[in-house]
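Student: Read off the chains here:
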Amino acid sequence: MNRSLAFLPVAAFLVLAVVMWRGLYLDSKELPSMLIDKPMPAFDKLTVDGQAVDNDSLPTEPFLLNVWGSYCLPCLIEHPTFMRLSESAEIPIVGVNYRDQKALALDWLEENGNPYAFSILDEPGRFGIDLGVYGAPETYLVDSKGVIRYRHVSVLDETVWREVFEPAIAELRAQEAAQ
Amino acid sequence: MSNDTANGRVWEKRFKPVLTVFMLLAIVSVLMPATSLAQVDTFEFETPEQQQRFRALSDELRCPMCQNTSLSGSTGGVAEDLRREVHRMIMEGMSDEQIEQFMYERYGDFIFYKPRLKPETLLLWFGPLLFFLIGAFVLVGIWRKAKGIDAQPVQVDTETQTRIDALLAEQGKAGAGNTHR
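In the order they appear, the protein sequences are chains A and B.
If you read the first sequence in full-length UniProt numbering, its first letter stands for residue 1, the second for the next number, and so on.
If you read the second sequence in full-length UniProt numbering, its first letter stands for residue 1, the second for the next number, and so on.
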């Protein structure tokens with residue numbers, strides 16, 4: 001009998017083991033966004049403090065779009081990072097106040113500080129659906145033309161900032177400068 | 001031996017009630033109507049057909065936040081929003097395909113319990129068939145080998161054949177009562 005066939009079970013085992021080992025470290029909660037490289041969905045909404053905003057109100061340079069809510073505990077964990085970024089004017093941050101109540105949102109901002117250029121009030125969560133949001137916190141990197149480049153699900157702490165966002169933003173700025 | 005049976009009886013006495021409770025729980029859980037898990041929304045419909053479509057869609061669409069619950073079964077905020085959107089789109093007269101496309105554009109394949117058939121999902125759809133075929137192939141191989149279907153008659157030259165015959169004749173003489181073939 002063909003001798004090499006005897007190694008087939010071992011080979012099959014090794015392949016399966018590698019696939020499953022990798023599977024252990026995949027985060028099945030982090031779904032890929034459908035909006036990567038697509039323009040921000042159109043919106044015509046009010047901010048938490050009552051200003052009318054639409055797509056033209058967005059920054060004309062790369063910015064972060066952070067989905068938050070006063071009920072959202074992980075948002076408190078990432079909040080200091082956004083405060084630091086806004087104090088050092090590193091990158092503009094636009095907020096989406098997702099499925100929250102206006103009064104609670106305003107209290108939250110007063111208590112914890114407001115790093116946002118403005119926060120879109122999305123009480124019924126309709127804009128969130130257009131963005132493909134499935135729960136706060138989520139943070140999107142958007143370029144100067146309003147095209148979504150990256151989505152991060154869950155807390156954006158200093159480590160994520162340093163390892164993911166800083167390089168991505170540097171690359172995006174370099175790309176835009178070259179054009 | 002008798003000690004064992006006595007032990008067995010004690011065990012039976014102790015665990016029979018526990019087992020009975022488990023059996024009862026199992027039966028109850030099977031009999032419980034699955035619909036009791038569905039979220040109750042106060043949506044209004046104009047026709048029973050619209051309501052039927054709403055039920056079907058919210059059972060077929062998966063809640064993106066809570067994983068492995070349908071929109072109809074999820075308490076998650078995003079599921080509530082998406083049920084409301086499904087209702088709105090049905091009332092606006094959109095077809096099931098249009099509603100599914102709306103969901104797909106925002107949440108991707110994950111939203112479907114039955115993902116669409118495309119190159120990325122081929123393995124998902126046909127992987128089980130592939131593994132079945134591999135298994136069947138191996139099984140048939142083992143079976144053929146056991147039956148000796150593929151076995152070729154051994155070709156030997158005449159000189160070896162005479163030696164074999166001689167040895168066999170010798171063994172036949174010497175080994176009376178030998179059960180070897």
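Since the hints were made in silico from the structure, they are not lab data.
Incorrect hints may appear among the rest.
[Claimed, not checked] Label pairs and their in silico Cβ distance ranges: (1) Val18(A) - Ile27(B): 41 to 47 Å; (2) Phe132(B) - Phe13(A): 15 to 21 Å; (3) Glu97(B) - Glu176(A): 26 to 32 Å; (4) Phe131(B) - Gly113(A): 37 to 43 Å.
[Stated by the list, open to error] Which bits of chain A does chain B cover? Going by a derived footprint, with three or more residues having C-beta under 8 Å, they are: (5) 75-86; (6) 121-128.
Glycine included, each C-beta is placed from N, C-alpha and C at the ideal position.
Student: It remains to establish, for every hint, whether it holds in the given structure.
Tutor: Status of each hint after checking the structure:
| no. | hint | result |
| --- | --- | --- |
| 1 | Val18(A) - Ile27(B): 41 to 47 Å | holds, 43 Å |
| 2 | Phe132(B) - Phe13(A): 15 to 21 Å | holds, 19 Å |
| 3 | Glu97(B) - Glu176(A): 26 to 32 Å | violated, 38 Å |
| 4 | Phe131(B) - Gly113(A): 37 to 43 Å | violated, 55 Å |
| 5 | 75-86 | violated (count 0) |
| 6 | 121-128 | holds (count 4) |
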